[in-house]
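Peer 1: Model the placement of chain D on the given structure of chain Z, informed by the hints.
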Amino acid sequence: MKFLTDPYIVFFIRWLHVVSGIMWIGLLWYFNFVQIPSMPKIPDEQKPAVSKVIAPTALFWFRWAALSTIVWGLIQSWQLGYISDALALGFLTKSVSHMSIGFGMWMGLIMAFNVWFIIWPNQQKALGMVQCTPEEKAKAARMGMLASRFNTMLSIPMSYAMVAVHLR
Amino acid sequence: MNNPLQTLQGAIILGIVITVVVDLIVRYTF
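Chains as they are written, first to last, in the numbering used here: chain Z, 1 to 168; chain D, 1001 to 1030.
No wet-lab data here; the hints were simulated from the structure. It is possible that part of the hints are untrue.
Unchecked claim - Here are some of the chain D residues that sit facing chain Z, going by a computed Cβ distance under 10 angstroms:
{"no.": "1", "residue": "I1013"}
{"no.": "2", "residue": "V1020"}
{"no.": "3", "residue": "V1022"}
{"no.": "4", "residue": "R1027"}
{"no.": "5", "residue": "T1029"}
Keep in mind it's a predicted model, so treat the numbers as computed, not measured. Glycine included, each C-beta is placed from N, C-alpha and C at the ideal position.
Excised from the complex, chain Z in its bound form (with noise of 0.2 angstroms):
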């Protein structure tokens, strides 16, 4: 266990926790500030190629990095011993900069849970990767446009929380 608290060994997973993030967050604003506003403006017999090709792909990777990036987080965040503080948001220590980064890590949780059980659900139907009725299409595409809207939302306040531990 105790390479496991070794100085390199947390930066290292720090690093995963952030490449992870990056990769997560980058997909996130791709869809919302690229790929969603884009497809109106696109003729109908072109969307194939970003609803059956780039689409799919590119949520492959959206929803295993939202894993990725939750799983080191909570690793980083347990290696350095706060995370029971951190998800109390620094209620049991007082601490000012577990409040912070706990803000951050419950928003973060509650988006890869938004990622993994509304998002791609929806996104399966409204892609056609599942069977489902013209009107369910409709109704998954809206729900998991807005879910992915309101992840776009508290990505704002979670990368914030997550890297202003200096406020004291």
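Peer 2: Then chain D, alone, in the frame of chain Z:
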């Protein structure tokens, strides 16, 4: 009032508002 998630701009503005609220909570709770 309209749902801020109707537009990307609304979602970003709400995200910034939540950020300011979280910052103030963190600064002044303890």
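Peer 1: Looking back at the numbered hints, which does the structure fail to meet, lowest number first?
Peer 2: none
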